[in-house]
Structure formats: C-alpha cells, structure tokens
Amino acid sequence: VGLVEALAEMAAMVEAGKIDGYAVGGAVAAAFYIEPAETEDLDVFITVEGAGLDLLAGPYAFLMQRGGQPRGAHIEIHGVPLQLLGSDCLAEEGVVRAREMQLDDLRVRVLPPEYLAALALKVGRSKDLQRLRALLEWEDFNRSSFEDLIRRHSLHDEWAKFAQRFPELLD
Amino acid sequence: LSEGGPHWEQIGAAKAAQRRQAAALPPVEKLKALDRLRERRNQIYRAVRVFDEAEIARILERRLVAARRRELEGDPRARLELRALQLLQEGIDDHGQARARLADLSVDTQAVSLLLWMWFRHHQELLRNPPGRSRESTSPRQPRKPFAAEVGPLGGRLNSDREFWILLRFLESRPDHGLFPTAYVGQGKGWDFEMVEGLSGARWLVEVTEATTTEQVEERLERSQRQGDEPDLTWFGDEPERIVAGVCAETIRRKARQATQGGKAESRAQPGTRTMLLLYPNIDEQRVLNSEGPWSQVVQRIDEALDDQVVAAFDQLWLVRDSSEPLALGADLPAPTLVRGRDESARRAGRLDE
Numbered sequence: 001v002g003l004v005e006a007l008a009e010m011a012a013m014v015e016a017g018k019i020d021g022y023a024v025g026g027a028v029a030a031a032f033y034i035e036p037a038e039t040e041d042l043d044v045f046i047t048v049e050g051a052g053l054d055l056l057a058g059p060y061a062f063l064m065q066r067g068g069q070p071r072g073a074h075i076e077i078h079g080v081p082l083q084l085l086g087s088d089c090l091a092e093e094g095v096v097r098a099r100e101m102q103l104d105d106l107r108v109r110v111l112p113p114e115y116l117a118a119l120a121l122k123v124g125r126s127k128d129l130q131r132l133r134a135l136l137e138w139e140d141f142n143r144s145s146f147e148d149l150i151r152r153h154s155l156h157d158e159w160a161k162f163a164q165r166f167p168e169l170l171d
Numbered sequence: 001l002s003e004g005g006p007h008w009e010q011i012g013a014a015k016a017a018q019r020r021q022a023a024a025l026p027p028v029e030k031l032k033a034l035d036r037l038r039e040r041r042n043q044i045y046r047a048v049r050v051f052d053e054a055e056i057a058r059i060l061e062r063r064l065v066a067a068r069r070r071e072l073e074g075d076p077r078a079r080l081e082l083r084a085l086q087l088l089q090e091g092i093d094d095h096g097q098a099r100a101r102l103a104d105l106s107v108d109t110q111a112v113s114l115l116l117w118m119w120f121r122h123h124q125e126l127l128r129n130p131p132g133r134s135r136e137s138t139s140p141r142q143p144r145k146p147f148a149a150e151v152g153p154l155g156g157r158l159n160s161d162r163e164f165w166i167l168l169r170f171l172e173s174r175p176d177h178g179l180f181p182t183a184y185v186g187q188g189k190g191w192d193f194e195m196v197e198g199l200s201g202a203r204w205l206v207e208v209t210e211a212t213t214t215e216q217v218e219e220r221l222e223r224s225q226r227q228g229d230e231p232d233l234t235w236f237g238d239e240p241e242r243i244v245a246g247v248c249a250e251t252i253r254r255k256a257r258q259a260t261q262g263g264k265a266e267s268r269a270q271p272g273t274r275t276m277l278l279l280y281p282n283i284d285e286q287r288v289l290n291s292e293g294p295w296s297q298v299v300q301r302i303d304e305a306l307d308d309q310v311v312a313a314f315d316q317l318w319l320v321r322d323s324s325e326p327l328a329l330g331a332d333l334p335a336p337t338l339v340r341g342r343d344e345s346a347r348r349a350g351r352l353d354e
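Line by line, the protein sequences give chains D and B.
So for the first sequence, our numbering puts the first residue at 1; every next one is plus one.
So for the second sequence, our numbering puts the first residue at 1; every next one is plus one.
Don't read these hints as lab results, they were simulated from the structure.
Because the structure is a prediction, the values reported are computed rather than measured.
There's no promise every hint is true.
[What the hints assert, rightly or not] A few chain D residues that face chain B, going by a derived Cβ cut-off under 8 Å, partial list only:
no. : residue
1   : V4
2   : A8
3   : V28
4   : A31
5   : F32
6   : E40
7   : L53
8   : L55
9   : A57
10  : L103
11  : D104
12  : L170
[To be verified] Now the in silico label distances, taken between C-beta atoms and shown as ranges:
no. : chain 1 : residue 1 : chain 2 : residue 2 : range
13  : D       : D104      : B       : A13       : 31 to 37 Å
14  : D       : N142      : B       : R19       : 50 to 56 Å
15  : D       : M101      : B       : E39       : 19 to 25 Å
[As the list claims (entries may be wrong)] Straight-line distance between alpha carbons at most 25 Å, and here's what the computed PhoX-like set of lysine-lysine pairs gives:
no. : chain 1 : residue 1 : chain 2 : residue 2
16  : D       : K122      : B       : K15
17  : D       : K127      : D       : K161
18  : D       : K127      : B       : K264
19  : D       : K161      : B       : K255
20  : D       : K127      : B       : K145
21  : B       : K15       : B       : K32
Cβ atoms here follow ideal geometry from the backbone N, Cα and C, with glycine treated the same way.
Looking at chain B on its own, in the form it has when it is part of the complex (with noise of 0.2 Å):
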C-alpha cells in the first residue's frame, strides 16, 4: 500500500455520511439553505452587465499598470502580457497586423502574445455583450478578472478561459512548436482554435477539453466499489490511475467520434489540415492520485485502452497536466504529457511521414 495515498473507502463513507447529516437537518434549515444558494445565484446573475467603452477602457489601463509593474519586478510572462494589452488598446483587430507589430518578438513568445491578445479581445466582446444574461438562456458568462492570463484552479472558471489556459501551457511549454494562434473558434462552433504552422503554412485545428474532473472519478470509484466488480481490489495500488485513465479514454473517444462527424468533419476536409486534441484532467491530483510518479501509469494505460482507429483521428493527441493550479512561466514548468497521435503511432511503427 502506498502512503499518502487516498483512502477511497474513507472518502465514499465521509460523503455518505456527510449525505445523510444534510438530509436529517430540520426541513426548515434545509429550505433556508435553499434560499441562501438561491440569493447567491442572484448575485452572479446581477453581476453580469454590459460594461461601456469607457469602463472597459479602465479596465485595460489598470491591467497595463499592473502588468509594468510585475515586468519590474522580473515576472518573465508580465512583458508578453503587457505587448497583448498594448494591441488591445491601441485597436488592432486584425491577426496579421498584430503579428506584424510582435515581429521583435522570437518565434516562440510572439505565438504566447498572440495567443494572450486573442484571449483579451474574447473578455473585450464578453463585456460588451456578456451572453446567458437572462435567465432562460444560458449560465451568465463574463470574465471574473477581465484582460487576466491567470487561471487557476479551474473550477468554476469559463470554459473558454480554460480552453485559452490550456492552449497557453501547451505553447509555453513547447516553444520548438513553430505553431501561431489564428483564430478562437468559440464554443460550440466546431474546433476550438485554429494555429498555422510557422514553416510548412500548415492549417491545425485544436480541440481543447476536459478530459475528467476530481467528482467523476470519485464518483466512478464509489459506483465501482458498489458494484464490486472486481472483489479483491483494494482501493489503493493503482486503482486511481486506472479509473483516472478510463475516463481520459473515454473522453478520448467520444472527441475521436466527434471529431469525425458533421461540422468538425467538414472544416478538417480541407487540404493541408492537421488536427490536434489537448486533454486535461481536471482533478486535484494530490486527492486523486497516488504521490509518487503516477502520470507514467495513466498515460501507458490509456495509451493502452485506444485503438488506432480513436488514434488516428488527431494528428496530435496531448495531456496537458497540473492544470489544476496556476504554474508559473519558465524552465521548472513541466512539459505536456504526449500520449499518442497519428504523428506518434507512425513514428513509433518507425515510418514517419515527414
């Protein structure tokens, strides 16, 4: 048995119990918890309006003060930030003269500064027009800290500030991509992003999602533990990794699906197309996972539950991890976990295309 590690049957038992204490409360106590979530809704809901030119003007000067400062005191992301809010402010709308006005940048960073004023522009439209404002519509949606590139932890963030989050990390931590943000696709449009590579003028689609949280796998875990499936398992060792893993795979291969149908299908048919999955696990990973070394576990084991054909899907398929918490730019940021793409099962059949 590991130490440190979770101790499912002790979590499964706390949740219960904590279950029945709510649900033995006086019917009384139970309605004003009601009450109190219900006004707490109202709150987020009054929070969201349209904010006027002159507001968002505000607020972009103060996050550019606050960028200065942060470039002074030696934060390594602060100048490339400060660059996204400088287009901002100045007006630029349009990708190749953004490019253009980032061209001292190296390859690497200006792709990171395109990326951050694709990201700020997005919290610039959202104030301006912040959707699910009424209630019949959707979840009201505003950036909580407009023209901020932290994210972190990721519960109850926007999804698309995830996607951007995700996407940062991924071209933070691989400056050798050559890859540049063209384009936020948006949320229920197809892809995510598309990114042109910087040599061969290759078109990629990105697809960014979560491929599990901490609730669905302590979830899986107690709905397994119920069925006992499996009765001599213990509910240390490896358990964790595997259920961890069977998640990831199956997002995997319900995006694979995806991916090949309808609207997704039809922007990938172009010729030069590449496609890309960017899977992160959402889960505390000091709750979930064993301490010592587990990610080699999860990543062979999904790697072991896809077949070529979910594989072969994307051109790339990535694990970006430690997405739960905010990770500072610079060289102790670990790299994104490649689990296998078309790219990777050629060249592990040792017959790369390219």
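For reference, chain D alone in the conformation it holds in the complex (with noise of 0.2 Å):
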C-alpha cells in the first residue's frame, strides 16, 4: 500500500469514465520535480464535464467500492488519505498541460512545476510558501511561463508580499 497503489486508482477512474481529467498537485507533484517533503495526503484536481455542485460524487462512489474509506475531508485509499479537489481556472488549465510522469509501469498526470508554484502562491499558506520557494530555486523552472501565470490569474498582489518577504529569490 501506499502513493503509487492510490495514484493508480487515478488511472482506474479515467478509464472507467468516472473523471475527464486529472492531474496530482500539491507536496506530491512537488516531489516529481524537486527534494521530497512531508505530507498528509494525497491531493488531486479533477476534471468532469457536465457536472454541477456534486463533481465528487461519482469518483467518491468509485473509490469506495475499490476499498476506499470516508476520512473527513478525505478518502484513504491504499493508507493514503486522497483528497479530490474541483479545477478552478488555474487548475483546470494545469490539468490540461499536466505532464505525464513515469512510476515504473504506471503513466501518472502531475501539475506542471509552474502551476503547482502558482496553486502555491494563490493558497499561500506557510507550507505552500516553502514549497513555492524550493520550486523558484529548482534549475528546470521556466521563470517566464511562471511570470504569465501570475499575470494571467492576477496573482500579483499575493507575489508583491511573497517577493517582499523573499527579495534574494527575485534574481
């Protein structure tokens, strides 16, 4: 049990047509690109076209026929409390340019390293910071498709105090 047994019921889910499309966010996608942190669970944007205020009902259903338990806000499944989350403009575009990454016979769809820093940003919660700063010091990040997210979305009060608190990341 564990991540890879959970994010293979994502794959489930595609090909039972319970979803449209998905993507792993959060400290989870964070570790496809950079140094692995701690984390509780298992975050996952969604996509369904045509659903309305119950977007999680069909895949909540699947997964608890495949062994899942109700845990609050969460489903844990295979140990890993996973948590579906609905796409707001910025994920919904992040599902779709999501990057499929390799977990041995596994195709998984991860955030890009961008919009999971942007995602960071917009929640902006202490640990959303430090991953956003880790993320900014990575050598792969693309600086400028990062820099239109924040135009795109009108994050740029939010990136003002991030930048205020964190000048040196600004180089």
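Assemble the dimeric complex from its two separately framed chains, guided by the hints.
Now the structure itself:
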C-alpha cells in the first residue's frame, strides 16, 4: 500500500469514465520535480465535464467501491488519505497541460511545476510558500511561464507580498 | 580566522548538494520515502491515546522507584523529583497544600520541587486527555516520558516541556531569587507561568520563549550569503554570533509587542505585577557558534540592538543558554546570562528604585 497504488486508482477512474481529466497537485506533485517534503495527503485536481455541484460524488462512489474509507475531507485508499479537488481556472489549465510521468509501469499526470508554484502562491499557507521557494530555486523552473500565470490569473498582490518576504528569490 | 569554527560556505554547499541529490532520485523512490514518512507520522498518532487511572498510577510508581534509586546513587535532583512525585501520588492538587508539604525544604529547593510537581501534574492531565488526537486539530501532544524532568535535546519535545525545563534551569541556577512558581498558565493563554516573590509577595508573570533554532540561523546565513549585502564579509569571524544575536533581538522585539497588547497587557495591569522574559537559543552551539567564548559577543550585540522601549516591556530579561543539552544540577551549572531588562537598565543608570 502507498502512494503508487493510490495513484493507480486515478488512472482506473479515467478508464472507467468517472472523470475526464486529473492532475496530481500539492507536495506529492512537487516530489516529481524537487526534494520530497513530508505530506499527510495526496491532492488530485479533477475535471468532469457537465458535472454540477456534485462533481465529486461519482469519483468518491467509485473509490468507495474499491475499498476507500471516508476520513473527514479525504478518502483513505491504499493507506493514503486522498483529497479530490474541483478545478478553478488556474488548476483546470494545469490539468489540461499536466505532464505525463512514468512510475514503473504506471503513467501518472502531474501538474507542471509552474502551475504548482502559482497554486502554492494563491493558497499562501506557510507550507505552500516553502514549496514555492523550493520550486523557484529549482534549476529547471521556467520563470517566464510562471510570471505569465501570475499576470493572467491576477496573482500580482500575492506575488508582491511573497517577493517582499524573500527578496533574494527575485534575481 | 578562528579554528574549529563553522565554514558556512561548506555547510550551504553541502545542503544544496543534498537537496539536488534528493531531487534527482527516481520518482518511485521519492514516493516511497513519502510513504515511510507518513507511516512514521501515523505511528505517532497511534501512540497518543487516553491513559486510565490504573496505568497512570503504574507509571508514577515506576518513576518513584527510579527516583529513589537515583537518590541512593547521590543524584542531587532525585530527592526533589521524589518529593514532587509523592505529592502527585497523594493526590494533592492545591498549591498552598503542596507548598506546606514542602516546608521542610530550603527556599530554593522548595521552588524547584513545586515546579516539578506542576510539571508532572501537567503530564498527568496530558495522559488523561491528550490534545491533538484527531488529525484535524493540532499535532498529537503527550509527554514521551511522563513524570520525567529530563528534557534534552530540545528538538522534538513538547513546547510545554521546553518551557518547564527552561524555567527549571533558571530556578536551579539562581538559588537567591526567592521566587515560587504558582501556576502554569499554558500555551495560547497569555503568559506561560505565574510566580510569587517570597519576601515582597510581588506577582511575576513569566514568558518562556525559543529565541532561535539552528535551522533559522543557517537559513539566515545562507540568505545573507546569497543577497551579498555585505560583500566583504567572511564566513568566519563573528558572523554566526551576529546572526544569532539578530534573530534573538527580533524575537525579543516580537515578544515585547505581544507583552504590551491584548490579554498579556490585561494580565500585567494588576498592581504589583512584574514581568520576566526567559529567552532560550535552541541551537547546537558546537555547530553554530565558534568555540571561544562567543556568548559575551552575542549578549553585547543583542543589547545594542534593543531600544529602551523594547527593554521596558519586561522587568527582567534573561538568556538561558546551553539548553540544547541536558545539564546536571550542581555547581557546574552555568548561570543564565542576564541580557537587560527594566531592572538592569535602571541599575546601569544608577537609579534602582528598590
């Protein structure tokens, strides 16, 4: 049991037609690019065409049939608390542009690092800003693409606050 | 350049290399590492549970036996722990009663025994009702060694244990203080402790706070290095002392602001109330500071960095150091270092009002 098995469920969910698209987010997604940082849960952004407010109902029912157990806002599957998240504009764009990563025999869709950074900036908790710092320091990080996201998704204020706290990361 | 001092460029480079190495691992390996970390966290949550009275009594009995053995071996603190444990075993819950039962002790040992009794009573409550058992709330909180006064290194301990430990260090090393702890106020409820001054009856409010950590100091050094705000600066010399003092001074300023606002300000408004800040640098001194007497420099720099308004927020301000290692009770115990407080400022100005 573990993250790999939990991620395999996402591919199964797409195959079963329960969701149209998904991309792993949060600390687990960041671990595909940078040094892994401890996390309690697995965050996955999903898109379901034509779904209303009950966007999560179908995917949750699917996971329950496959042994998932409700744990607060999460479903615990294969020992991992999984949180499915509906996508706002920024995340939806990230899901469309998700990178396909290989995990042994499994292909997993992961948010691109620039989208991860922009979402971390938007959420703005201490752990998110730490992740943002680490991503900005990553040598393969595409700064211009990230700045484009800040501009298009109106994150100027959040970025200004962050830049004030960590001026050394602006270079 | 001082020999044996830390080489910050090397430390920074080693950490960056470590990060790069971890980042370059295959994703499957990284996810397995996250699985292991999650399992470790689950174990911690599972370990936190409600203890029943019979279990608590058994732990208490074991601690009493251990303290008796240590007393026979000549451990000077064991007798004080023994008295505190006996109070607990007898079910004494009233401060006045507890103090009366310790009346045969000298003033300073009475103060230490009272503090230990309060500490162990806090442990007892944590065993009965540990906060943070659900994942939705805070981190799980239960003492790792219930009814034990050994705290060190500080990393990974409950905050309350650190607060008790630092006040204990202060009381042990200042036997002439004449202060008796009367209450542990607890986290998030204003000041940490209340004490009473034996002779004058003055009420003291005490705040115990972590001034800095090794990680904070290293991060600040790395940031300073990247910024290059002082291009001629070498990474030897007094740079670590300067950074430690800077972080300590920031903590004091923050605490001074808090001490004069909200609930803390209301508590101190009562006439005859005095305030004390005990600041402890939670750093690995061997790793962070140069070995040759750096603390006088740190204290001097903190002193220089504080303006009178900040200093006036507390009647006394102490830096309790060497807190990262457990320290033996006795003559070898180094006294906490007085930084400056209203009392000390007044003394310096030659107008002590008492």
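Does the nearest C-beta of chain B fall within a distance shorter than 8 Å of the C-beta of D:A57?
-> violated, 22 Å
With a cut-off of 25 Å on the C-alpha distance, tell me whether D:K127 and D:K161 pass.
-> At roughly 16 Å apart (the allowed maximum being 25 Å), D:K161 and D:K127 satisfy the hint.
When the least beta-carbon distance from D:E40 to chain B is tested against 8 Å, hint result | holds, 7 Å
D:K127 paired with B:K264 [C-alpha distance capped at 25 Å] = violated, 29 Å
Honestly, do D:N142 and B:R19 meet the 50 to 56 Å range at C-beta?
-> With Cβ atoms ~19 Å apart, the hint is violated.
Does D:A8 meet its interface restraint, that is, does its C-beta lie within less than 8 Å of any C-beta in chain B?
-> violated, 12 Å
Has the hinted range 31 to 37 Å been met by the Cβ atoms of D:D104 and B:A13?
-> Holds: the Cβ-Cβ distance is about 33 Å, inside 31 to 37 Å.
Closer than 8 Å between Cβ atoms is the bar; does D:V28 clear it against chain B? Give me holds or violated.
-> holds, 7 Å
Take the C-alpha atoms of D:K127 and B:K145, compute the straight-line distance between them, and say whether it is at most 25 Å.
-> With Cα atoms ~30 Å apart, D:K127 and B:K145 exceed 25 Å; violated.
Double-check D:L55 for me: the hint is only fine if its C-beta lies closer than 8 Å to a C-beta in chain B.
-> Cβ of D:L55 sits 23 Å from chain B, so the hint is violated.
Tell me if D:F32 is really an interface residue toward chain B, meaning its C-beta lies closer than 8 Å to one of theirs.
-> OK, holds: D:F32 within 8 Å of chain B, min 5 Å.
Interface hint outcome for D:L103 [beta carbon to chain B under 8 Å] = Nearest chain B Cβ about 5 Å off; hint holds.
In this structure, the earlier hints numbered 2, 7, 8, 9, 12, 14, 16, 18, 20 are contradicted, and the remaining ones agree with it.
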